[in-house]
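In order, the protein sequences belong to chains F and V. In this note's numbering, each residue carries its 1-based index in the first sequence increased by 19. In this note's numbering, each residue carries its 1-based index in the second sequence increased by 19.
I should point out that these hints are in silico values taken from the structure, not numbers from a laboratory. Heads up, a few of these hints could be off.
Since the list gives no way to pick one copy over another, a pair counts as held whenever it fits inside one copy or between any two copies.
[Claimed, not checked] Simulated crosslink set (BS3-like; lysine-lysine; CA at most 30 Å straight-line):
hint : residue 1 : residue 2
1    : Lys300    : Lys146
2    : Lys75     : Lys112
3    : Lys75     : Lys332
4    : Lys300    : Lys46
5    : Lys51     : Lys299
6    : Lys380    : Lys51
7    : Lys299    : Lys146
8    : Lys380    : Lys440
9    : Lys380    : Lys300
10   : Lys51     : Lys300
11   : Lys300    : Lys403
12   : Lys170    : Lys299
13   : Lys170    : Lys146
14   : Lys299    : Lys403
15   : Lys300    : Lys170
16   : Lys300    : Lys386
17   : Lys322    : Lys75
18   : Lys386    : Lys355
As the structure is a computational prediction, the values presented were derived from the model and not from experiment.
Number of protein chains: 2
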Amino acid sequence: MNDFYSLATDSLNEKYQHLSQRYQEFKTKNLKLDMSRGKPSPEQLDLSNGMFESLKSRDYHTTDGNDARNYGGIDGLSELKTILAPYLEVDSKQLIITGNSSLALLHDLIARAFIHGFITSPLPWSKLPVIRFLCPTPGYDRHFSICEYFKIEMIPINLNANGPDMNQVESLVAQDETIKGIICVPKYSNPTGITYSKETVLRLAALNTLAPDFKIFWDNAYAVHHLTKTPDYLANILEATQKAGYPDRVFIFGSTSKISFAGAGIAMIATSEANLNWLKKQLNIQSIGPDKLNQLRHVRFFKDNPIAVHMQKHAELIRPKFETVLATLEQELGSKNIATWTNPNGGYFISLDTLDGCAQKVVQLAKEAGVILTNAGATFPYGKDPRNRNIRIAPTFPPLSELKVAMELLAICIQIVSLEKLLKQ
Amino acid sequence: MNDFYSLATDSLNEKYQHLSQRYQEFKTKNLKLDMSRGKPSPEQLDLSNGMFESLKSRDYHTTDGNDARNYGGIDGLSELKTILAPYLEVDSKQLIITGNSSLALLHDLIARAFIHGFITSPLPWSKLPVIRFLCPTPGYDRHFSICEYFKIEMIPINLNANGPDMNQVESLVAQDETIKGIICVPKYSNPTGITYSKETVLRLAALNTLAPDFKIFWDNAYAVHHLTKTPDYLANILEATQKAGYPDRVFIFGSTSKISFAGAGIAMIATSEANLNWLKKQLNIQSIGPDKLNQLRHVRFFKDNPIAVHMQKHAELIRPKFETVLATLEQELGSKNIATWTNPNGGYFISLDTLDGCAQKVVQLAKEAGVILTNAGATFPYGKDPRNRNIRIAPTFPPLSELKVAMELLAICIQIVSLEKLLKQ
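Please put together the full structure from these sequences, using the hints given.
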């Protein structure tokens, strides 16, 4: 039996000595690995190197004959909409393509709510004493940072295998008019990798909310970022909200940051016609328009490299890394009953739960031996994991060999901290 | 004598008949010219076509060894800062380079003031009942649109040959704490082409304002956009505010929109160290970072094409257009005493004043004959030119031949509307 809970104190102590020694050996290796962010690897970026030459100096006209080097157009090139709309499973008429960052589109949308209010808002949010958002947890730290920036109170909602706990969500929004929104990563969720079930999507779309301007911020960051040949299916929330009678409830976000180049990609937002018109007017005030040359660069590249095929190449590079993480965790921690972890069908992360109260110490120990993980707590609002157990593992960036070493170290740290906990009890 | 005011009614009537006939002849030409915006011409854009090939697929590392295809860095590439800082006459340490639109940087900065307040703000601006800005007029319509969007009350300030009327400015800001800012195009001003004098810059920097968070938004859009060999000189406001004891008062904006490509250029903002740190923190919330590949593309291109030399090539293309406008106006309207216009040393516009009350009708007549000018009134807050006389001429985009025709038509329209006014008196 490997189960730590079934071992006598002597055995636990013996294990602790052995693991401490292994940890010290790792320390002498002077590792320097940063696994804190979900970054594509250089090999993944190489897949898009064709983009450097996809746009030639005589090739800068759009299909409607406009010179993409000059001013004009606020909502993005129609030919790129045609290519990207299927990625978000929307109609190209429901899409605005602008900027390089879906996070910025989300941030700016919330800023617009504070300054002007949405089309269904009785008042700009800045005129209200308090604004609350529901935050499925564990979740994406940058979403929580945006909420903190806008002083939006975050209410954590448990994220289960099928999505947020909908009973909790339904009950809260029905009785609290200050609850104005929910931010979701509905597919291959960051960090747990789950995809919202059809029932969850339909219940979100049909929520009976006290706030007339309750919004769903649908950050579909990993829509086509499959790892297996049996990809998850996500129901179409834009259709669902329209059928449910709340056509202006949802804004869907996406980007090619993890398809083409991270930072030099294309961001997009999909929503109802009324919201699009409202948004276009505001974009027209904010800017003269997006970088159409980078949009055209993507058009030319994706013509020769269809997104689905391109993403299979990404998956072929990423899958072995996920497999290495999972195999190492299984080998080192399997059946020891001190950690659980996810095995997602897509996305960028593996989410690991230690025993309660151990995550911070584990991340600290790993750091002292040269492996930087995302801060423990980062996957929860205000950086506070109430059970101090969640660790986000980002396998994509490091080379396989380094990843294996980092995971061995992580497993040792988890065992050490778990043993310390068990030995104290 | 050509002076319309010295002519008898008969002569005026005769001229009116003749001009009406010429106007009808123009109408039969079915012109279709859009001179409403300050857009670079295709030939100007051609000057930067080297940018399409300036970045190769093995050339994506920054000088500090980072992969510009991946995430990382919020405030722009240091090597591009080194190139662009002299353009704004600031130190590269005073610069943030991000996005493609200086207008968006300005818009977002004001949004930050409403949501958070500046470092010297007692409260976020959204918590105050009224915010007022001083608006030098005639001015840039998109600045006024941003103010309208944020419900900032605009107080027009006369823009003279040396800049805004500083007596008026000093008197207003000293007694009204709701006046929180002034938006300026200090060099080759849009539309009058004047450059603020050194005295104006120093007085702005040293303003004694009742508001503790009064800000100068210094949109230095035409910093290097000279037309002559005797360029205007603009005093350094960042230095001036620091000397005056208001180091955090000014934000300077610039972009390469009219240097490289319009829309696919690089935007930048320069300010004090304290403001930069404040701003970087907020940018870190808003986005994961700018498009570093487009920044690198500019680095590579500007290495072979120094900005000063590159801008001379622009000037050589633009100068004949300004000369054509000026010559045609002089030929058609000179000494008739019904219009005055500017002869700027740089920038993108010629500003023309008709007799009071005539501008709207002139723009309308021109439009009916196929020449679209910027809406009359657009150069004033709320689109209301109190004297209804200012017309903004944007000579850069149309080919020379079309420009000449358009100016002849404009001159005819001005004469017709002036005659109608004189004949009614």
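Within, between, both or neither: Lys75, Lys332 at alpha-carbon 30 Å: Classified as both: same-chain Cα gap 25 Å, cross-chain 22 Å, threshold 30 Å.
Is it within, between, both or neither when you check Lys300 against Lys46 at 30 Å Cα-Cα? neither (57 Å within a copy, 33 Å between copies)
Is it within, between, both or neither when you check Lys170 against Lys146 at 30 Å Cα-Cα? both (13 Å within a copy, 14 Å between copies)
My question is about Lys75 and Lys112: at a cut-off of 30 Å on alpha-carbon distance, are they close within one copy, between copies, both, or neither? Result: close within a single copy only, 28 Å intra versus 34 Å inter.
Is it within, between, both or neither when you check Lys300 against Lys403 at 30 Å Cα-Cα? between (39 Å within a copy, 21 Å between copies)
Give the relationship of Lys170 and Lys299 under a CA distance limit of 30 Å: within one copy only, between copies only, both, or neither. Classified as both; 26 Å inside a copy, 18 Å across copies.
At most 30 Å between CA atoms: does that hold for Lys299 and Lys146 within a copy, between copies, both, or neither? both (23 Å within a copy, 26 Å between copies)
Indicate which option fits the pair Lys300, Lys386 if close means a Cα-Cα distance not exceeding 30 Å: within, between, both or neither. between (48 Å within a copy, 24 Å between copies)
Are the CA atoms of Lys51 and Lys300 at most 30 Å apart within a copy, between copies, both, or neither? between (48 Å within a copy, 26 Å between copies)
Intra- versus inter-copy proximity for Lys440 and Lys380 (alpha-carbon distance at most 30 Å): within (11 Å within a copy, 84 Å between copies)
Using 30 Å as the alpha-carbon threshold, which applies to Lys51 and Lys299: within, between, both, or neither? between (46 Å within a copy, 27 Å between copies)
Please work out whether the CA atoms of Lys380 and Lys51 approach to 30 Å or closer within one copy, between two copies, in both situations, or in neither? Answer is within: at 19 Å inside a copy they meet the 30 Å cutoff, but 71 Å across does not.
Hint compliance for this structure: hint 4 alone is broken.
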